[in-house]
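Enquirer: Make the full structure from the sequences, and use the hints.
From first to last, the protein sequence lines stand for chains A and B.
Under our numbering, the first residue of the first sequence is numbered 1048, with each subsequent residue one higher.
Under our numbering, the first residue of the second sequence is numbered 65, with each subsequent residue one higher.
FYI, nobody ran anything at the bench for these hints, they're computed from the structure.
Heads up, none of these hints are tricks.
Derived pair list, reagent style DSBU-like, types lysine-lysine, alpha-carbon separation capped at 30 Å:
#: 1; chain 1: A; residue 1: K1590; chain 2: A; residue 2: K1549
#: 2; chain 1: A; residue 1: K1521; chain 2: A; residue 2: K1383
#: 3; chain 1: B; residue 1: K282; chain 2: A; residue 2: K1409
#: 4; chain 1: B; residue 1: K233; chain 2: B; residue 2: K282
#: 5; chain 1: B; residue 1: K233; chain 2: A; residue 2: K1655
#: 6; chain 1: A; residue 1: K1521; chain 2: A; residue 2: K1549
#: 7; chain 1: A; residue 1: K1641; chain 2: A; residue 2: K1409
#: 8; chain 1: B; residue 1: K269; chain 2: A; residue 2: K1178
#: 9; chain 1: B; residue 1: K233; chain 2: A; residue 2: K1409
#: 10; chain 1: B; residue 1: K282; chain 2: B; residue 2: K269
#: 11; chain 1: A; residue 1: K1655; chain 2: A; residue 2: K1641
#: 12; chain 1: B; residue 1: K233; chain 2: A; residue 2: K1410
#: 13; chain 1: A; residue 1: K1568; chain 2: A; residue 2: K1377
#: 14; chain 1: A; residue 1: K1377; chain 2: A; residue 2: K1590
#: 15; chain 1: B; residue 1: K282; chain 2: A; residue 2: K1178
#: 16; chain 1: A; residue 1: K1655; chain 2: A; residue 2: K1568
#: 17; chain 1: A; residue 1: K1235; chain 2: A; residue 2: K1206
#: 18; chain 1: A; residue 1: K1188; chain 2: B; residue 2: K269
#: 19; chain 1: A; residue 1: K1120; chain 2: A; residue 2: K1171
#: 20; chain 1: A; residue 1: K1409; chain 2: A; residue 2: K1655
#: 21; chain 1: A; residue 1: K1188; chain 2: B; residue 2: K282
#: 22; chain 1: A; residue 1: K1171; chain 2: B; residue 2: K269
#: 23; chain 1: A; residue 1: K1410; chain 2: B; residue 2: K282
#: 24; chain 1: A; residue 1: K1410; chain 2: A; residue 2: K1655
#: 25; chain 1: A; residue 1: K1641; chain 2: A; residue 2: K1549
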Amino acid sequence: MEEKVGELWHRMITRMADTRYPEAAVHLEEIELTVGIMFRALGGDGGLEVLAANATEHGARRGLLQRIAGSSKRIELAWRDAQSLRLPVSIDYFPERRLNHYLYTWLAALAVGDHQQEEAWLGKNQRLTLKTLHDYPGIGKRYRLLVDAHLAERMPPEKLPTAEAAQEQAIRQALLHPGSVDRLPAAKRPPQPVPLWLHPFPPIAAPSSGGAGDQEGERGGGETKDIEDMQRHKSERAKKPEKEDQGLITIRMENIFTWGEFMNMDRGSEDNDDLESAAEALKDMDNLSVSRDAKASAGKLRFDLDLPSEANDDRVLGEGILLPEWDFKKQKLIPKHCRIVPMMAADAQPRELPERLRGTAKKLRAQFQHLTPARIWHRGQQDGCEIDLDAYLRYASDRAAGHTSASDGLYRDLRVGARDLACLLLADLSLSTDTWVNNHARVIDVIRDSLFLFAESLAATGDRFAMYGFSSRKRDPVRVHQLKSFDEHYSASVRGRIDAIKPGYYTRMGAAIRHSSELLKAQPAGRRLLLILTDGKPNDLDKYEGRYGIEDTRRAIHEARQLGLQPFCVTIDAQANDYLPHLFGTGSYVVIHKPSQLPRELPLLYAKLTA
Amino acid sequence: MSNAPQTAPRTAEPTVALDTPFYKPQGNEVELFEHAYKHQLPMLIKGPTGCGKTRFINYMAARLGRPVYTVACHDDLTAADLVGRHLIGDSGTYWSDGPLTRAVREGAICYLDEVVEARKDTTVVLHPLTDDRRILPIERTGEILHAPPEFMLVVSYNPGYQNLLKGMKPSTRQRFVAARFDFPSAELEQEVIIGETGIDAMMAKRLVNLANSLRALKDHDLEEAASTRLLVYTATLILGGYAPLEACRAAMVEPLTDDVETTRALMEVVDIAFGN
Chain A
1048 MEEKVGELWH RMITRMADTR YPEAAVHLEE IELTVGIMFR ALGGDGGLEV LAANATEHGA
1108 RRGLLQRIAG SSKRIELAWR DAQSLRLPVS IDYFPERRLN HYLYTWLAAL AVGDHQQEEA
1168 WLGKNQRLTL KTLHDYPGIG KRYRLLVDAH LAERMPPEKL PTAEAAQEQA IRQALLHPGS
1228 VDRLPAAKRP PQPVPLWLHP FPPIAAPSSG GAGDQEGERG GGETKDIEDM QRHKSERAKK
1288 PEKEDQGLIT IRMENIFTWG EFMNMDRGSE DNDDLESAAE ALKDMDNLSV SRDAKASAGK
1348 LRFDLDLPSE ANDDRVLGEG ILLPEWDFKK QKLIPKHCRI VPMMAADAQP RELPERLRGT
1408 AKKLRAQFQH LTPARIWHRG QQDGCEIDLD AYLRYASDRA AGHTSASDGL YRDLRVGARD
1468 LACLLLADLS LSTDTWVNNH ARVIDVIRDS LFLFAESLAA TGDRFAMYGF SSRKRDPVRV
1528 HQLKSFDEHY SASVRGRIDA IKPGYYTRMG AAIRHSSELL KAQPAGRRLL LILTDGKPND
1588 LDKYEGRYGI EDTRRAIHEA RQLGLQPFCV TIDAQANDYL PHLFGTGSYV VIHKPSQLPR
1648 ELPLLYAKLT A
Chain B
65 MSNAPQTAPR TAEPTVALDT PFYKPQGNEV ELFEHAYKHQ LPMLIKGPTG CGKTRFINYM
125 AARLGRPVYT VACHDDLTAA DLVGRHLIGD SGTYWSDGPL TRAVREGAIC YLDEVVEARK
185 DTTVVLHPLT DDRRILPIER TGEILHAPPE FMLVVSYNPG YQNLLKGMKP STRQRFVAAR
245 FDFPSAELEQ EVIIGETGID AMMAKRLVNL ANSLRALKDH DLEEAASTRL LVYTATLILG
305 GYAPLEACRA AMVEPLTDDV ETTRALMEVV DIAFGN
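Expert: Right, here's the structure in full:
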């Protein structure tokens, strides 16, 4: 009961004390793009991103109600630092939505001229205001509207003690006639905040602990670095906590022998169910420090390879397809032995090509566009955009000579020569792809990059292609992830699915190849290429390993050939030489010795194969 | 189906300027062009769209008193479109000169606009014309034309927007004297707009400021920078009595982007830079 009354009181008094207008609020997220474009158009640095500013305590006098309510202590002000333009998360100072919107654009325009030199707050903001008003005559009307509205909201000087009243007068003067006030009269308390101006003491992040250091950590270069360097302190000038001698354990740390190694664990669920209260707590925090260190844990614990629950798993497409498997001991096909489950990534967001691949992709696209057949003139057509002069001459001279000849095929037409080709790429997404190839990337990362570049290149040729990934857990299910089907266009959502690939279970290659062959067989192209991208031998939990797996895969490849497909295997398994010729036949496979080269090699290989 | 040719024989007509078009030099390009003309060197002009390349050629042609044959290149342009073709007449076929051949015969300026749009094999016919031989062999009739001293070949392209593939063949590019055009400086651009439309100086200044604001967005938010041509369009609309903000929307913002969000943001910029 007590609690309830307290809550009611709090709500009531907060509402009464509130001088904001939440119903007219404009939020940064809805206006982010506009302000960003404006900021750049008015001459702001194109490399800055627009971010939300966190609230700072202003320390100025508050109204009685506000003091009772304990609200309005902090305010969000705009500033600009070396990496970003910081704007309030939402603006609701004015009852009119239009004015709140204007304030955003005003702040962005004001920040353009800020070059972060040390300069007194009052003078600097007046200077910036003058400059903005001068450079952009159209903004003057907005500024006057904003000033009028803001002055009405400010605490009147009559209500303030003398020193603070003088200060308030000076600010009002500076707002109304920018450039006319030289200095701020001294007072005990800081003046009322001015949302129309930039932050008086922008909490500029120290560059060493900002984004750059963090990225270095991500690249894995942080192994020899002190752990402190890899932590990110957002908007914090305070000294970073010392790492040594931390914790309440009074015994010497080295005496604890049972604590083996630090484990990186992924928590699937949120600790705090009450998200709202968490959000509240977040708002009240002065500084929010997020740390992310990319140091790989020395040891990893594999929990199990059980399938995820249905809710957490990717979307299943269709019922599942039963396929046979070859038992080499019995020398016969066991019908309906494996079940293929076609799947699609559930939470893949459409995305652009990763920045680091763009350069390579551009080069590859240029190379691959040469593979596109040029448009050529088809002569002697029934209909076409131009007359086939040769055919017409022949016809005319025949007629003049008294012969009668058919008057058809007198036109020529410019058409694209066909490149009669379809390609299906089948990528191995088994658990073994989780291993690291070097300090920077795992096999799966290499495969992901390869898929991106492969798709970029093939999209440039206009060839029909599809991409699937597979991993299995015994004979049921063999999970086949659809990354791009033949009928889809290569788009942002396909890129999203490529981005979402992750190491799965085991490698039941035969079933996956049989399934892919079925898909590829349905393609009407004259040449059909089945590209298999793998990092090792076929294997699975049951008997599907060693000879059994190899024989089944070999059989599946053989079947694909009989269907008129052209299978080709690209492997990054350095010890693969002994079984590969047996599996695929000489000349139908290639071993990439340096996995990091795969992304570049794969498209070129395709070009060679199809040239 | 008709057996007669469906299109009338195409004959290239030169454009001869009656009076010299308006042109404000940005640098020494007029001098360079005159030198190239005097020494019979072909010229290559590169620059963004709407910065005055075509106008420059027409201006120079008028200045030098030569007719211009302009060919807008596209990827279906064949060598025959430049050199000429056989056509069918009442009593058989006859040869019809293409614009390039005509320009060579008459000693005119032949201007190939957006030359990179043409397929690379097409532009190879230019090679014998652009070195010291200055000849145009017409394969189909066996004729070899020698270019008179008045003949000049000028090509232009926009190095910005075409994709990587459509660069110019280096062996072709090497045969030209080249000049790079860019948008003029603010003062010059104001003069251009005033000279072109007759708008008042205050408005011209605002328009140029706005254009420079929008140019800062190139590559980040916009694919192409706002051109001088768009400014002239806008000024023309405003001068015709169209409301300035709406003129900016119609002639500067909408032609630059299709994205609704970006349009909104650009209008905000227009409002601030231009407003009332």
